[in-house]
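Protein chains: 4
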Amino acid sequence: MINVGIIGYGYWGPNLVRNFFGQKDCVIKSVADARPNRLELLAKAYPSVQGVLNADDILNDPAIDAVVIATPVFTHFPLAQKALQNGKHVLLEKPMASSVQECNILIGLAAQKNLLLMVDHTFLYTGAVEKIKELIDTNALGNVKYLDSTRINLGLFQPDINVLWDLAPHDLSILRYLHDEKPYSVNATGISHTHNGIENIAFMTINYQSGFIAHLNCSWSSPVKVRMMLIGGDQKMIIYNDVEPTEKIKVYDTGYELKSDEDKNKILVDYRVGDIYVPKVNNKEALAQVASDFIGGILEKRTPRSSHHIGLDIVKMLEASEQSIKNKGAEVKIS
Amino acid sequence: MINVGIIGYGYWGPNLVRNFFGQKDCVIKSVADARPNRLELLAKAYPSVQGVLNADDILNDPAIDAVVIATPVFTHFPLAQKALQNGKHVLLEKPMASSVQECNILIGLAAQKNLLLMVDHTFLYTGAVEKIKELIDTNALGNVKYLDSTRINLGLFQPDINVLWDLAPHDLSILRYLHDEKPYSVNATGISHTHNGIENIAFMTINYQSGFIAHLNCSWSSPVKVRMMLIGGDQKMIIYNDVEPTEKIKVYDTGYELKSDEDKNKILVDYRVGDIYVPKVNNKEALAQVASDFIGGILEKRTPRSSHHIGLDIVKMLEASEQSIKNKGAEVKIS
Amino acid sequence: MINVGIIGYGYWGPNLVRNFFGQKDCVIKSVADARPNRLELLAKAYPSVQGVLNADDILNDPAIDAVVIATPVFTHFPLAQKALQNGKHVLLEKPMASSVQECNILIGLAAQKNLLLMVDHTFLYTGAVEKIKELIDTNALGNVKYLDSTRINLGLFQPDINVLWDLAPHDLSILRYLHDEKPYSVNATGISHTHNGIENIAFMTINYQSGFIAHLNCSWSSPVKVRMMLIGGDQKMIIYNDVEPTEKIKVYDTGYELKSDEDKNKILVDYRVGDIYVPKVNNKEALAQVASDFIGGILEKRTPRSSHHIGLDIVKMLEASEQSIKNKGAEVKIS
Amino acid sequence: MINVGIIGYGYWGPNLVRNFFGQKDCVIKSVADARPNRLELLAKAYPSVQGVLNADDILNDPAIDAVVIATPVFTHFPLAQKALQNGKHVLLEKPMASSVQECNILIGLAAQKNLLLMVDHTFLYTGAVEKIKELIDTNALGNVKYLDSTRINLGLFQPDINVLWDLAPHDLSILRYLHDEKPYSVNATGISHTHNGIENIAFMTINYQSGFIAHLNCSWSSPVKVRMMLIGGDQKMIIYNDVEPTEKIKVYDTGYELKSDEDKNKILVDYRVGDIYVPKVNNKEALAQVASDFIGGILEKRTPRSSHHIGLDIVKMLEASEQSIKNKGAEVKIS
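Protein chains in written order, with my numbering: chain A, 1 to 335; chain B, 1001 to 1335; chain C, 2001 to 2335; chain D, 3001 to 3335.
Derived by calculation from the structure, the hints in this document are not laboratory data. Since we're looking at a predicted model, the values are computed, not measured. Some hints here could point you the wrong way.
[Said to hold, decoys possible] No more than 20 angstroms apart at the CA atoms, straight line, and that leaves these computed lysine to aspartate or glutamate pairs for EDC-like: (1) C:LYS2044 with A:ASP25; (2) C:LYS2225 with D:ASP3056; (3) C:LYS2133 with C:ASP2242; (4) B:LYS1259 with B:ASP1270; (5) D:LYS3225 with B:GLU1247; (6) B:LYS1082 with B:ASP1061; (7) B:LYS1250 with B:ASP1061; (8) A:LYS250 with D:GLU3244; (9) A:LYS225 with B:GLU1247; (10) D:LYS3250 with A:ASP25; (11) C:LYS2225 with D:ASP3270; (12) D:LYS3225 with C:ASP2061; (13) C:LYS2250 with B:ASP1025; (14) C:LYS2225 with D:GLU3102.
[Said to hold, decoys possible] For each label pair, taking beta carbons as the anchor points, the in silico distance ranges come out as: (15) C:LEU2268 with B:ARG1035: 47 to 55 angstroms; (16) A:GLY142 with D:ALA3043: 24 to 32 angstroms; (17) C:ASN2015 with B:TYR1271: 53 to 61 angstroms; (18) A:ALA288 with C:ASN2015: 46 to 54 angstroms; (19) A:ALA63 with C:ARG2035: 48 to 56 angstroms.
Quick reminder that beta carbons are idealized off the backbone N, C-alpha and C, glycines included.
Please build the complete structure, drawing on both the sequences and the hints.
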């Protein structure tokens, strides 16, 4: 039985508590939040769980085996570092940390202490992403050529991170999970409509050596919520519309085949438009699978799906995007 | 009565012929196309119009007052130059020409000869764009902050121009018409999935000094046709969905207001989500208005809505986008 | 402080418990369900509430002031009768009872004992229905001419009541609330695809003296869930799409005006198609308002919105529909 | 080469002329319309076709082999009768005639004269209906249990026929084509919002001995155009949405299977919700196929798909619906 402590009972924390509560093989021992009114809500809903005002009460508690950290990004590193130093497994909310350097220190520490370090990229556990992964892995799409994602809504302007650090981790984790190739470079542009210079609208292109390309459109300033991803193969293409309740994934038997031709001025493309297939998608709650993968990963000493490798790769892309925006959109290579 | 000659009877030519046919104050004297089978189709549909195989038969015909040019982009310049030199008014299909330099020569020639030089940016004459223009001009949106356009479908891979030169003129003309500010610079990225190096997917950011930003997503490789434009003001926002038959424009009484604050680390944003308003949009055929504006512009010696100024500005942005793609996405200033 | 007992902890019961739990001025003393596993669920979620296996433990409990009955329809009458006889206020799930006769007995008993008898027609408390009511009451639609509702999905085949008794109470309660006129007669047709002769698909027309008409299409055998209601006035028309998350109500500035004409063979109709308006609708949970109206109705001795008058009228229409189906669709007058 | 005359150049006539013009094996000799301005339009578009003001100029023209009649319904019978008497094949617009009696006289006359008598139920030639027919014929749906159609819009109030006679022929022809069983009886209800007593909203149930049921909802008074048909089988179900440009047909792998059970009070139903399949549908113009089937039927002496048998069956159902409305919705048996 794994004793779990959860730090942060704000927006996402209650979802974590609810889902870890439902796991076998683990018990939530305590939840930390510096705001007494948040702890009151906790007490009402989960009288058996101890609420503490200070995260250290969890980090220093020898009875706690694993810590879940759902706090602002800039606190991820110090909290996770202390947890690992104290011998606790760690599940970090996305993005993993504020910099590649921080991620590398945490990864090194986890390896040294033989602890599980995982990042909660919840989307990797949704029925929709699992179905797309299955379609790509069985080569149903043919050669995958591009991923194009739009994730926009009237969102809370974050005071510390820009819209890419806030929203793009979802798209980048899906991208990383579906397309195994290491990205070569990143371009990003954006705008801040506030006085603090933090972008509320931003665009990101991720370039690959193979000719695959990914593009992200993220915004806190859209009147409507759009969560739309196109994934194009030369055999079939997918539209993944996450706000659609019953038809999240549409597989288009549509493609284009390029014929080789010696004359560079001619192009020979075979187009095809065919049936559409809307596979039934598993509706299980993704966060329950995250919790299960974390606890199972600890018990079985295996790497979870949403590993720190994925977490690190995403921070690499985010860091590169930030540098590209500073360099007025110029290409930034990914180490 | 203006005598009109039309060069090019391919994809768009029949639409031009049909709409100029319906105009008063003008007569279509001849239509040129080098393909005999296209002239046969012309003869069937319009027995009264002369078909000629050689564009010169139009360009050199002293009875023709005005020439409409609907041919591949690289032929726009030589055909328009000759027409202007021969004293004929010119309506060019979009984009105006292959380079800023070509546009400038044509504009100089038209000024010198006192002839009308116009570009067919059809979208400026649609009921939808007219309604959006009206909403912006009456300040219904408040300060307009961004324009974000997606124009993707399974399109013909053009052998001579990339997807931005092919599709973006529509968005850029709307952008230029709705937002009067001169753009400061352009970033563009893209990918070619053919051996000829011509991008079939590309993205473009247009930067402005005021903090306004525009972004374009253009693709010939999407399984579905998307024609979606978001225009965000701080008071209201518009979604313009051109594939929607009856609800092309939705005006969201949704906005965010930024409160000034001395502390740069705090942001104070007032969000508002309210009613939606779907104005009825005029359904008239836009191309008939283009023809009318061209003929009226000649007769009344006035500048048409879709002027060569707009045509030039769009080629400036396209040229800059091409250079940015060559420079791996780096910012390219617009002269 | 009103002490409440809730009978039935099946599909709807937990929603009732959650919402009465959230009310001030009342306390849930006990919940009855004959199935021990349902009471276990109750104990887990609400350790402070007493679970009892026998409804009589609630009906005979002198400490209980008000009873909420969420059991199969055929049990509504005996349970409510006993509750009223024992001096308890009663909130009944829809439909109120199995027959007009049963309803009348309960109403008489409530009057005699001076107790509140209310029916849970939850839809009357939704933001969408409230907004439509407001639009009709302010004459925004002009003369309301028809209501046409489709309520279909792949539903559970009920073993004791047909699809009209199951689904139509929602539509009929909205109809009754929005259109005050007493219906004149009912026609109904339908089909049973099971061996028990209980209709799983049925259609109902409700006729009015004024020329207003209502029509209902109810089915347990549709592959998709449709909850669509059209309400047509001669000035404006409404589409109420309850499965739409953000645009539940669309008001069409569309209408037709009939000109009087002495010649019966001529019709003169003025059509108008105009803007569409999508009002923002209150998202509060309707069932919380039901609970509040019940408790408030008891304390303030006032008639709640979803009164037993409405409950009775709906059972009248259902009873007539059943008779019409038996009479092969023939008109059945409503007493 | 069949010489064709077309009577009526109003709303539908131009479509007929255009499509017969495109047929090989036939020539349009003349078109009749009593309105000179309609003949002017004809002359402009088809200078080679003769326009005549009097239908008799076609009916009495010995050079004409076949007549297409696109005039108000009450004129179908006299015009078709005269055409058949004069030895001409006849294509009638839907509905075939104003009564079963009229249809039977025309059918008898055609048989006696050995002429083709066909009705233009265009929908039977659409790619969508052909695909549904194919799915039903290959038993993909299992046992088909119901057809439920909604055909509503802001339509022209017809002065001579009610909304069922105007709109339902489309649905009834599809119903008749897809489901071969003879209907047993009809119920219909409706309302007239004009002073002439002609229903502008009406509902129709068609009953079958097998337990199959069909229902139609027709209206000229809806703010939106709906063309939606559900066809439910016990294995799969179809939604046919004719206003959807690219996804007209959706096949739901959803069904319910009824288990036999001796206890009449129990029902055992197996529900299944699965994938959705959107077959690509042929986009050819249906009316061209109608013209081709008519001309081919004459030349090859074969029964066309949209035969007078189908035409007659539809008038039988319409006549029964009219009687049912007069009888206040009571069941009317079909002879």
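Legend entry - Violations among the numbered hints: The structure conflicts with hints 2, 7, 10, 12, 13, 14, 16, 17, 18 and 19, although it agrees with all the remaining ones.
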